[in-house]
Amino acid sequence: MTGGPTFSLNGERRPWSDITVGALLSDAGVDVARGGVAVARNGEVVPRPSWDQTAVQPDDRIEIVHIVRGG
Amino acid sequence: MDAKVAHKGLTIAGKSFGSRLMIGTSRYPNQQVMMDAIEASGAEIVTVAVRRVSLESGGEGLFDLLGDRFHLLPNTAGCYTARDAVLTAELAREALGTDWVKLEVIGDDETLFPDVEQLLRGAEELVKKGFIVLPYCNDDPITCRKLEDMGCAAVMPLAAPIGSGMGIRNPYNLRIIREQVSVPVIVDAGVGTASDAAVAMELGMDGILLNTAVAGARDPVGMARAMRLGIEAGRLAFESGRIPRKLYATASTPIEGAIEL
Chain A
2 MTGGPTFSLN GERRPWSDIT VGALLSDAGV DVARGGVAVA RNGEVVPRPS
52 WDQTAVQPDD RIEIVHIVRG G
Chain B
61 MDAKVAHKGL TIAGKSFGSR LMIGTSRYPN QQVMMDAIEA SGAEIVTVAV
111 RRVSLESGGE GLFDLLGDRF HLLPNTAGCY TARDAVLTAE LAREALGTDW
161 VKLEVIGDDE TLFPDVEQLL RGAEELVKKG FIVLPYCNDD PITCRKLEDM
211 GCAAVMPLAA PIGSGMGIRN PYNLRIIREQ VSVPVIVDAG VGTASDAAVA
261 MELGMDGILL NTAVAGARDP VGMARAMRLG IEAGRLAFES GRIPRKLYAT
311 ASTPIEGAIE L
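In the order they appear, the protein sequences are chains A and B.
Going by the numbering used here, the first residue of the first sequence is number 2, and it counts up by one from there.
Going by the numbering used here, the first residue of the second sequence is number 61, and it counts up by one from there.
It is worth saying that the hints were derived from the structure and are not from the lab.
Every residue gets a Cβ at the ideal spot worked out from N, C-alpha and C, and that includes glycine.
A portion of the hints provided could be inaccurate.
To be verified - Label pairs and their calculated CB-CB ranges: (1) PRO221/B / ASN11/A: 26 to 34 angstroms; (2) ASN11/A / PHE173/B: 22 to 30 angstroms; (3) GLY12/A / ASP168/B: 17 to 25 angstroms.
Claimed, not checked - Rough simulated footprint, nothing fancy, chain A against chain B, three-plus residues with beta-carbon under 8 angstroms: (4) 77–87; (5) 124–137.
Unchecked claim - One side of the interface only, derived from the structure: several residues of chain B facing chain A at Cβ under 7 angstroms: (6) GLU154; (7) ALA155; (8) ASN271.
Could you put the whole structure together from the sequences, leaning on the hints where they help?
Here it is, written out as structure tokens:
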């Protein structure tokens, strides 16, 4: 990886580009129309209505989660 | 009378349920068996987890499958610290639109026993943030009382380790917990078969949360029904009041009028 800015997505380091959380979700192939998805940025939940206004910053830690089976 | 009111079902945080069983969604042979087993169990509260989306394969759409039909209860399984559990609960609230959370903060992955210190910390924070907190905890009356004092909507002591199927290992502690707290007591973890569920209910527990005992049974749908019946039978026996145990026999047939030779 080059020395350019990066951010982390679900624990994977990626080259940073100027993108919103909403666009990041689409790029990641997450069907946002479907329920049961949530996003955290640097340990804080990004509410769904803010996805398209929230820019990913260099060094951000983004977590995209969904509902799965559990006990 | 309390028992008569309770007979109508389980009430947690002002919300009433006809079934006293909560069931998990993990480890079934396939999705159809899972759906059939949940149906057969009669459970209205169904637990789910929160995990990272796989960036290769996308989601499985569990929310769309279950969200309309059941009261989904997200857990914080896999969390080792209060901090992780709080963020997981917040993500679940965002993903599901529910304030309810099964708070699970474990100490290690071999026993899956709760880390009490972290659990109490997490519970306190989540209650402050407005969550309806249902903590998975040890069968320790003091911990349960602290959780109630913090404002948890129920306490969920284990009967035995998660997934062990060992049954009700300490019925006396469960009884003490039932006497010591006023919120619902849900036995979470350890139930292996229908008689375990019945025993828990006969002890006066308000409900049972289980997963592996049904999902891992040879016939999960049959076992789900067995659990439903076991819980109903156990609860009814509790409400009906069992006879005292005695060392010697008492004839059930009257002696009067018996012939004498």
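Hint check results:
For PRO221/B paired with ASN11/A, a C-beta distance near 30 angstroms keeps the hint of 26 to 34 angstroms intact. A hinted range of 22 to 30 angstroms holds for the C-beta pair ASN11/A and PHE173/B, which are about 28 angstroms apart. Separated by about 22 angstroms at the C-beta atoms, GLY12/A and ASP168/B satisfy the suggested range of 17 to 25 angstroms. Under the rule that three or more residues need a Cβ within less than 8 angstroms of chain A, the assignment of the segment 77–87 of chain B holds, with 4 such residues.
Counting residues of the segment 124–137 of chain B whose C-beta sits closer than 8 angstroms to any C-beta of chain A gives 6, which meets the bar of three, so the coverage hint holds. With a least beta-carbon distance of about 4 angstroms to chain A, the hint placing GLU154/B at the interface is held under the 7 angstroms criterion. With a cut of 7 angstroms, the hint placing ALA155/B at the interface with chain A holds, because the nearest CB-to-CB distance is about 4 angstroms. For ASN271/B, the shortest C-beta to C-beta distance to chain A is roughly 3 angstroms, which falls under 7 angstroms, so the interface hint holds.
In this structure, every one of the numbered hints holds.
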